[in-house]
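Can you build the whole structure from these sequences, using the hints too?
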Amino acid sequence: ETGVTQTPRHLVMGMTNKKSLKCEQHLGHNAMYWYKQSAKKPLELMFVYSLEERVENNSVPSRFSPECPNSSHLFLHLHTLQPEDSALYLCASSQDPGTDTQYFGPGTRLTVL
Amino acid sequence: AQKVTQAQTEISVVEKEDVTLDCVYETRDTTYYLFWYKQPPSGELVFLIRRNSFDEQNEISGRYSWNFQKSTSSFNFTITASQVVDSAVYFCALSEAQDSGYALNFGKGTSLLVTP
Chain A
45 ETGVTQTPRH
55 LVMGMTNKKS
65 LKCEQHLGHN
75 AMYWYKQSAK
85 KPLELMFVYS
95 LEERVENNSV
105 PSRFSPECPN
115 SSHLFLHLHT
125 LQPEDSALYL
135 CASSQDPGTD
145 TQYFGPGTRL
155 TVL
Chain B
0 AQKVTQAQTE
10 ISVVEKEDVT
20 LDCVYETRDT
30 TYYLFWYKQP
40 PSGELVFLIR
50 RNSFDEQNEI
60 SGRYSWNFQK
70 STSSFNFTIT
80 ASQVVDSAVY
90 FCALSEAQDS
100 GYALNFGKGT
110 SLLVTP
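Chain order of the listed sequences is A and B. Sequential numbering of the first sequence, starting at 45, is according to our numbering. Sequential numbering of the second sequence, starting at 0, is according to our numbering.
Just so you know, the hints here were simulated from the structure itself, not pulled from any lab data. All of these numbers come straight from a predicted model, not from anything done at the bench. Each residue gets a CB set at the ideal place from its N, CA and C atoms; glycine is no exception. It cannot be assumed that every hint is accurate.
What the hints assert, rightly or not - Heads up, simulated SDA-like pairs for lysine to any residue below, C-alpha to C-alpha not over 20 Å straight-line: (1) A/K85 / B/V45; (2) A/K84 / B/P39; (3) B/K37 / A/S82; (4) B/K2 / A/R53; (5) B/K37 / B/N51; (6) B/K2 / A/M90; (7) A/K85 / A/S115; (8) A/K85 / A/T155; (9) A/K62 / A/D129; (10) B/K69 / B/E55; (11) A/K84 / B/K69; (12) A/K80 / A/T145; (13) A/K80 / B/D21; (14) B/K107 / A/A131; (15) B/K37 / B/S70; (16) A/K80 / A/R53; (17) B/K2 / A/T145; (18) B/K37 / B/T71; (19) B/K37 / A/R153; (20) A/K84 / B/D21.
To be verified - Each pair of labels, with its calculated beta carbon distance range: (21) A/T124 / B/T114: 40 to 46 Å; (22) B/V12 / A/L157: 35 to 41 Å; (23) A/Q126 / B/Q82: 26 to 32 Å; (24) B/Q82 / A/D140: 40 to 46 Å; (25) B/T114 / A/L95: 15 to 21 Å; (26) A/G72 / B/Q56: 26 to 32 Å; (27) A/H117 / B/A96: 24 to 30 Å; (28) A/V99 / B/N51: 19 to 25 Å; (29) A/Q126 / B/E16: 42 to 48 Å; (30) B/K15 / A/Q126: 43 to 49 Å; (31) A/E128 / B/S73: 31 to 37 Å; (32) B/Y63 / A/S64: 35 to 41 Å.
Here's what the structure looks like:
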């Protein structure tokens with residue numbers, strides 16, 4: 045595997061379900077990111093991790109819970125989501141957080157019923 | 000406030016035409032970086048270019064070229080002799096050394112459709 049991978053690619057869940065999104069980067073980077081992309085809106089940064097430590101959390105509701113067990117893996121745990129949370133969730137990584145180029149995964153298309 | 004403006008929401012061209020995608024940015028930082036990404040229908044954001052604020056040289060890569068002008072705060076992207084495979088949404092983004100934190104500030108994107 046190369047680059048940034050995300051699983052699953054598509055997810056449909058009910059509002060009472062609990063699910064997790066997984067991201068893995070094979071680039072040897074130190075920083076990982078979660079973005080949300082909704083229709084008609086710019087990409088929104090959700091969380092940033094640097095060397096497994098969360099360094100930014102942009103007022104994201106607590107129903108989204110990130111986890112970074114090591115510098116290669118990033119999870120987004122989802123519980124009691126709302127229909128408006130339906131979106132494309134993109135993971136990215138960069139050598140270091142900040143102005144380094146971010147490389148993105150293919151995203152997880154989430155639909156909340 | 001939106002830091003990156005892509006005024007063109009959708010552009011449609013016929014194959015082999017040249018097309019320019021506009022990007023205007025806003026920053027108070029003297030050190031910043033500008034990016035272009037391509038998002039094909041598959042969804043993945045593909046990195047195209049990164050330029051820093053101290054390098055105003057235009058760049059050419061195959062059919063792609065970029066025109067960075069600090070005087071007008073613009074970083075425009077031109078595709079020469081467009082092809083159907085160029086159809087995608089293109090995003091311009093800004094990263095600031097001081098003000099952005101860790102965020103890439105994206106524009107809303109320009110959807111390019113190239114028809115045969």
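Checked hints:
Under the criterion of a C-alpha separation no larger than 20 Å, the hint pairing A/K85 with B/V45 is consistent with the structure, at around 18 Å. A C-alpha spacing of about 16 Å is found between A/K84 and B/P39, which places the hinted pair at or below 20 Å, so the restraint holds. A distance of roughly 17 Å separates the Cα atoms of B/K37 and A/S82; the hinted pair therefore holds under the 20 Å criterion. The hinted pair formed by B/K2 and A/R53 fails the criterion: a straight-line CA distance of about 30 Å is larger than 20 Å.
About 19 Å separates the Cα atoms of B/K37 and B/N51, which keeps this hinted pair within 20 Å; it holds. Among the hinted pairs, B/K2 with A/M90 is consistent with the structure: their alpha-carbon atoms are about 18 Å apart, no more than 20 Å. A distance of roughly 29 Å separates the Cα atoms of A/K85 and A/S115; the hinted pair therefore is violated under the 20 Å criterion. For a cut-off of 20 Å, the pair hint linking A/K85 to A/T155 stands: about 17 Å separates their Cα positions.
Distance restraint check for A/K62 and A/D129: the Cα-Cα separation of roughly 13 Å lies within the 20 Å cut-off, and the hinted pair is therefore satisfied. For the suggested pair B/K69 and B/E55, the alpha carbons sit about 7 Å apart, so the restraint of at most 20 Å is met. For the hint linking A/K84 to B/K69, the alpha-carbon distance of about 28 Å lies beyond 20 Å, and the restraint is violated. Taking the CA atoms of A/K80 and A/T145, the gap is near 18 Å; set against the 20 Å cutoff, the hint holds.
About 24 Å separates the Cα atoms of A/K80 and B/D21, which puts this hinted pair outside 20 Å; it is violated. For the hint linking B/K107 to A/A131, the alpha-carbon distance of about 15 Å falls within 20 Å, and the restraint holds. Distance hint between B/K37 and B/S70 is unfulfilled; the C-alpha atoms sit about 25 Å from each other, more than 20 Å. Pair hint A/K80 plus A/R53 holds up; C-alpha atoms about 14 Å apart against a cutoff of 20 Å.
Between B/K2 and A/T145 the CA atoms are separated by roughly 18 Å; this keeps the pair inside 20 Å, and the hint holds. Distance check on the hinted pair: B/K37 and B/T71 sit about 23 Å apart at the alpha-carbon level, beyond 20 Å; violated. Note on B/K37 and A/R153: the hinted pairing holds, with a Cα-Cα distance of about 18 Å set against a maximum of 20 Å. Restraint check: the Cα-Cα separation between A/K84 and B/D21 comes to about 18 Å, which is no more than 20 Å; the hinted pair holds.
The given range of 40 to 46 Å is respected by A/T124 and B/T114, whose C-beta atoms sit roughly 44 Å from each other. For the pair B/V12 and A/L157, the beta carbons lie near 38 Å from each other, so the given range of 35 to 41 Å is met. Between A/Q126 and B/Q82, the C-beta spacing of about 41 Å breaks the proposed range 26 to 32 Å. Taking 40 to 46 Å as the suggested C-beta distance range, the pair B/Q82 and A/D140 does not conform, at roughly 35 Å.
For the pair B/T114 and A/L95, the beta carbons lie near 47 Å from each other, so the given range of 15 to 21 Å is not met. Taking the beta carbon of each, A/G72 and B/Q56 are about 29 Å apart, inside 26 to 32 Å as hinted. At roughly 28 Å, the beta-carbon separation of A/H117 and B/A96 lies within the given 24 to 30 Å, and the hint holds. The hint said 19 to 25 Å for the Cβ distance between A/V99 and B/N51, and at roughly 22 Å that hint holds.
Checking the proposed 42 to 48 Å range against A/Q126 and B/E16 shows it holds: the Cβ atoms sit about 43 Å from each other. Separation of B/K15 from A/Q126 is about 46 Å and conforms to the stated range, judged on CB atoms against 43 to 49 Å. Hint check: A/E128 to B/S73, Cβ distance near 34 Å, so the stated range 31 to 37 Å holds. A hinted range of 35 to 41 Å for the beta carbons of B/Y63 and A/S64 is consistent with their spacing of about 37 Å.
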